Amino acid sequence: MKKIIALLFFCTLLPFAHANENENVSANKSASVSTNTRIVSSGSNITEIIFTLGAGDQIIGADKTSTSPPQAKSIATLGHPSHLSIEGVISLQPTVFISDDKYVNPTLNYKLQRAGAKILTVKQATNMEELILQIKEISYFLDRPQQGKALIQKLNTELDELADLKNKRPKPYQTGIFLYGKDSLVIAGKHTAVDFIMDMTGVINPASFDGNKPMTPESIVIINPDIIITVDKALSGNNAEERFFSIPAISVTPAGKNKRITAIPISHTNLGINTPKTAKKLFHEIYGTNE
Numbered sequence: 003m004k005k006i007i008a009l010l011f012f013c014t015l016l017p018f019a020h021a022n023e024n025e026n027v028s029a030n031k032s033a034s035v036s037t038n039t040r041i042v043s044s045g046s047n048i049t050e051i052i053f054t055l056g057a058g059d060q061i062i063g064a065d066k067t068s069t070s071p072p073q074a075k076s077i078a079t080l081g082h083p084s085h086l087s088i089e090g091v092i093s094l095q096p097t098v099f100i101s102d103d104k105y106v107n108p109t110l111n112y113k114l115q116r117a118g119a120k121i122l123t124v125k126q127a128t129n130m131e132e133l134i135l136q137i138k139e140i141s142y143f144l145d146r147p148q149q150g151k152a153l154i155q156k157l158n159t160e161l162d163e164l165a166d167l168k169n170k171r172p173k174p175y176q177t178g179i180f181l182y183g184k185d186s187l188v189i190a191g192k193h194t195a196v197d198f199i200m201d202m203t204g205v206i207n208p209a210s211f212d213g214n215k216p217m218t219p220e221s222i223v224i225i226n227p228d229i230i231i232t233v234d235k236a237l238s239g240n241n242a243e244e245r246f247f248s249i250p251a252i253s254v255t256p257a258g259k260n261k262r263i264t265a266i267p268i269s270h271t272n273l274g275i276n277t278p279k280t281a282k283k284l285f286h287e288i289y290g291t292n293e
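First residue of the sequence shown? That's 3 in the working numbering, and the numbers climb one at a time after it.
Hints were generated in silico from the structure; no laboratory data involved. Please note that the accuracy of each hint is not assured.
BS3-like mimics (lysine-lysine), calculated; alpha carbons at most 25 Å apart, straight line [said to hold, decoys possible]:
{"#": "1", "residue 1": "259", "residue 2": "138"}
{"#": "2", "residue 1": "170", "residue 2": "235"}
{"#": "3", "residue 1": "259", "residue 2": "215"}
Here are the simulated distance ranges between beta carbons [to be verified]:
{"#": "4", "residue 1": "105", "residue 2": "248", "range": "32 to 42 Å"}
{"#": "5", "residue 1": "169", "residue 2": "135", "range": "18 to 28 Å"}
{"#": "6", "residue 1": "223", "residue 2": "38", "range": "58 to 68 Å"}
{"#": "7", "residue 1": "286", "residue 2": "155", "range": "21 to 31 Å"}
{"#": "8", "residue 1": "84", "residue 2": "242", "range": "27 to 37 Å"}
{"#": "9", "residue 1": "125", "residue 2": "259", "range": "42 to 52 Å"}
{"#": "10", "residue 1": "76", "residue 2": "264", "range": "36 to 46 Å"}
{"#": "11", "residue 1": "170", "residue 2": "264", "range": "18 to 28 Å"}
{"#": "12", "residue 1": "38", "residue 2": "73", "range": "44 to 54 Å"}
{"#": "13", "residue 1": "73", "residue 2": "186", "range": "27 to 37 Å"}
{"#": "14", "residue 1": "87", "residue 2": "259", "range": "44 to 54 Å"}
{"#": "15", "residue 1": "248", "residue 2": "171", "range": "56 to 66 Å"}
Predicted, not measured: the structure shown is a model, and the values here were computed from it. A virtual CB, placed ideally from N, CA and C, is assigned to each residue, including glycine.
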């Protein structure tokens with residue numbers, strides 16, 4: 003009889019135990035944002051999302067790739083996401099730290115948690131669906147769900163417009179090659195952010211390899227591009243285009259013969275909320291249609 007009573011008493015406690023557990027889970031999903039919230043962000047697309055959600059004025063520090071929007075440049079002082087300055091982040095005394103899982107730093111996260119900071123690590127976005135998931139998580143975490151919904155709706159509208167443009171693009175479809183690099187040039191292959199942008203634009207990327215590889219004359223001949231795509235910094239300065247067209251392998255391609263080269267902002271070469279705009283602009287430049 004005593005065993006039965008004890009079992010019944012234990013069972014009555016279970017709902018309370020689960021209730022407390024659920025409360026803790028919910029608490030960890032929200033940063034309890036207030037006017038005193040101090041945010042450090044890592045990742046250019048993460049920083050852009052936070053600004054677009056209207057919480058940019060609460061960011062006190064970001065990694066050096068976070069140069070968009072322009073007002074983020076003054077706080078982009080904490081090094082590259084792959085090796086953020088732990089001392090630099092801690093010294094800012096953030097209450098919130100948001101990053102993706104590409105460059106997780108367990109030591110930094112541990113020290114921030116010990117200091118009482120809330121941490122959100124989202125999955126790195128490799129496509130628009132994952133980017134939209136990032137927006138949902140960050141907007142909920144920062145108590146800005148309505149702003150998140152509005153941003154997602156805007157992106158979906160832009161994606162629909164871009165898909166319509168791609169379906170109506172004139173033939174022949176253009177082949178392109180994305181080249182970048184300071185001392186030696188590198189080609190962006192399949193499953194890269196730039197490859198994704200090119201696909202959205204309706205430009206064929208004939209590269210047969212995954213990731214990025216150093217440019218070789220053979221690879222240029224095989225790809226035989228109609229147009230060269232690079233970053234804006236590569237075309238700054240006098241005769242910058244000749245750096246590309248003076249390469250013998252490029253000079254004999256359709257792109258070299260017709261002197262066709264264009265650029266996208268270096269800050270937009272990663273997948274982010276500006277990707278549809280970047281792709282749309284690229285589409286009009288390559289296919290010669292009016293915006």
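Outcome of the hint check:
1. Of the pairs offered as hints, the one joining residue 259 and residue 138 is violated, with about 46 Å between alpha carbons and a cut-off of 25 Å exceeded.
2. Using a Cα cut-off of 25 Å, the hinted pair residue 170 and residue 235 is violated, with the two alpha carbons roughly 31 Å apart.
3. In summary, the hint linking residue 259 to residue 215 is supported, as the alpha carbons are separated by about 24 Å, within the 25 Å threshold.
4. For the pair residue 105 and residue 248, the supplied restraint of 32 to 42 Å holds, since their beta-carbon distance comes to about 37 Å.
5. Look at residue 169 against residue 135: about 26 Å separates their beta carbons, and that is inside 18 to 28 Å.
6. Between residue 223 and residue 38 the C-beta distance comes to about 60 Å, which sits within the given range of 58 to 68 Å.
7. Look at residue 286 against residue 155: about 23 Å separates their beta carbons, and that is inside 21 to 31 Å.
8. With their beta carbons about 28 Å apart, residue 84 and residue 242 fall inside the hinted range of 27 to 37 Å.
9. Restraint check, residue 125 to residue 259: a C-beta distance of roughly 43 Å satisfies the suggested window 42 to 52 Å.
10. Distance hint check for residue 76 and residue 264: the Cβ-Cβ separation is about 30 Å, which falls outside the suggested range of 36 to 46 Å.
11. Taking 18 to 28 Å as the suggested C-beta distance range, the pair residue 170 and residue 264 conforms, at roughly 20 Å.
12. Between residue 38 and residue 73 the C-beta distance comes to about 20 Å, which lies outside the given range of 44 to 54 Å.
13. Checked against the hint of 27 to 37 Å, the pair residue 73 and residue 186 passes, with Cβ atoms roughly 34 Å apart.
14. For residue 87 and residue 259, the hinted distance range of 44 to 54 Å is satisfied, since their beta carbons lie about 48 Å from each other.
15. Under the hint 56 to 66 Å, the C-beta atoms of residue 248 and residue 171, about 31 Å apart, miss the expected range.
Violated hints, in rising order: 1, 2, 10, 12, 15; the structure is consistent with all others.
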